[in-house]
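> Residue numbers (this note's numbering), protein chains in the order written: chain A, 1 to 322; chain B, 1001 to 1109.
Just to be clear, a hint being listed does not mean it is correct.
Residues from chain B shown here face chain A by an in silico Cβ test under 10 Å; the list is partial [said to hold, decoys possible]:
| # | residue |
| --- | --- |
| 1 | Ile1008 |
| 2 | Arg1043 |
| 3 | Thr1055 |
| 4 | Val1057 |
| 5 | Asp1076 |
| 6 | Val1080 |
| 7 | Arg1103 |
Ranges of calculated distance between the beta carbons of each label pair, as one might list FRET restraints [unchecked claim]:
| # | chain 1 | residue 1 | chain 2 | residue 2 | range |
| --- | --- | --- | --- | --- | --- |
| 8 | A | Glu43 | B | Leu1083 | 43 to 51 Å |
| 9 | A | Pro261 | B | Leu1101 | 34 to 42 Å |
| 10 | B | Ile1031 | A | Arg270 | 45 to 53 Å |
| 11 | B | Leu1083 | A | Pro261 | 45 to 53 Å |
| 12 | A | Gly281 | B | Asn1094 | 20 to 28 Å |
| 13 | A | Ser109 | B | Leu1083 | 55 to 63 Å |
| 14 | B | His1013 | A | Glu43 | 23 to 31 Å |
| 15 | A | Asp315 | B | Ser1102 | 24 to 32 Å |
| 16 | B | His1048 | A | Ser73 | 55 to 63 Å |
| 17 | B | His1013 | A | His278 | 13 to 21 Å |
| 18 | A | Val206 | B | Ser1102 | 30 to 38 Å |
Quick caveat, the hints were computed from the structure, so don't treat them as lab data.
The structure presented is a predicted model; accordingly, all values stated were derived computationally and were not measured.
All C-beta atoms in this analysis are idealised placements derived from N, C-alpha and C, irrespective of residue type, glycine included.
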Amino acid sequence: MEFKDFYLTLGVEPTADDKTIKTAYRKLARLFHPDVSKHANAEEKFKEIAEAYEVLHNSEKRAEYDELRLARSRGFDSRNRQAGAEFNSNTGFNNTPEADQDFADFFNSIFGSQNARNRQSRHQQPHHDDVNLHRGRDLEMEWPVMLEDTLADTTKPIEFMIPHYDIQGQLHETKKSLNIKIPAGVSDGERIRLKGQGAPAQGAGVNGDLYLRIRLIPHPLFDIEGHNLILALPLAPWEAALGAKITLPTLSGKINLTIPPNSQSGERLRIKGKGLVHKHGTGDLFVALKIVNPKITNEDAKQLWSQLAKTAGFDPRAEWSN
Amino acid sequence: MTQTSEIISPDFHLSFDELCKSSDISAEYIIELVEYNIIFPVRGNVPHEWQFNVTAVRIVNKAARLHNDLEIDWADIALVLNLLDEIEQLRNENGQLKLQLSRFTARSN
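Please model the entire structure based on the sequences and the hints provided.
Right under this line is the structure:
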């Protein structure tokens, strides 16, 4: 394991006092904490910061680490003088297999015994390890769902990998298949819990649970606004001007819609009960009108548009002259 | 490969005991989170009767991480969680509005 310069990670001098270390940690933690940060590698970065703080904010661990750091630095100096050892420009230390092992032993003595689940709970309070020792881990995964599948209770198959340890402590993964009932009206980001379908227990304990985080797959036509759906409906200028009867797609099949004469681009027509299903009923479908002009490709069409321009007496920018 | 043809129905609630086992903090801290109104039982008057929405697990674990890692007081966590939720909601809404706008600004022919 390569030596980690915890002072460099927190951006403080090796002589920094506890208050400076704490301030540096708080500043970086607020910046990179995965629950608040949108940085691409926030989780990895926060882990490094938390490791550094775990060591440096505890006087005993810090003293032990400083000793290791000093020994390495001295070792480097003497080797450098004697043989011109290679200097590691990233850490300022010379990483040799023996020195790396010393650091690995130190690192494992602090972090090695904690399992991944509890790493973030390290500063704390009474924990549930004693209770949870034999309980299988909860699993959480994203589950993409089509909008159409949210209208009524639907059953869908799902396949996923379950991590588990064998008697020797080796990690394995087993594929598991389930048929799951998607309740009508699930929404984006909602979590559903499947009791006992998570990782298997060690020994006599109970299985963990499986949590599915619903992700509604964006629809090529419909946008979501709360429980309502929005559909942009392209109209020819004459359909908007004269009115028209249109066959309209909805999530549950086609319907006929009458466009009133003198409709404007951006206007919305409401179709009750054709939106998304929710606990208290069904949302509506809003049809947003979008007037689309044809490309003029022949002389006849050009003549007709010119004629309209002369006879309509229409100034689209009349409001500007007020 | 484990396979089942049985149809599994989701659970919408979990008990206080189940919440304790699924979360990263102890029962006494979960009671504290209820007292601070960070999570609230949808049923039951006393802890052993409490039933929570499934989202409580995520909230409890997030609250524990914020408390431990950023040293935020429990009393302030409700505010932080509300603000984080609001940011997420605004981001989603912004994404939806951008998508809707693109349907009007994109060339259709």
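> Against this structure, judge whether each hint is valid.
Each hint tested on the structure:
no.	hint	result
1	Ile1008	holds (5 Å)
2	Arg1043	violated (16 Å)
3	Thr1055	holds (6 Å)
4	Val1057	holds (7 Å)
5	Asp1076	violated (13 Å)
6	Val1080	holds (8 Å)
7	Arg1103	holds (4 Å)
8	Glu43(A) with Leu1083(B): 43 to 51 Å	violated (21 Å)
9	Pro261(A) with Leu1101(B): 34 to 42 Å	violated (27 Å)
10	Ile1031(B) with Arg270(A): 45 to 53 Å	holds (47 Å)
11	Leu1083(B) with Pro261(A): 45 to 53 Å	holds (48 Å)
12	Gly281(A) with Asn1094(B): 20 to 28 Å	holds (27 Å)
13	Ser109(A) with Leu1083(B): 55 to 63 Å	violated (39 Å)
14	His1013(B) with Glu43(A): 23 to 31 Å	holds (30 Å)
15	Asp315(A) with Ser1102(B): 24 to 32 Å	holds (29 Å)
16	His1048(B) with Ser73(A): 55 to 63 Å	holds (57 Å)
17	His1013(B) with His278(A): 13 to 21 Å	holds (18 Å)
18	Val206(A) with Ser1102(B): 30 to 38 Å	violated (48 Å)
This entry does not satisfy hints 2, 5, 8, 9, 13, 18, going by the numbered hints stated previously.
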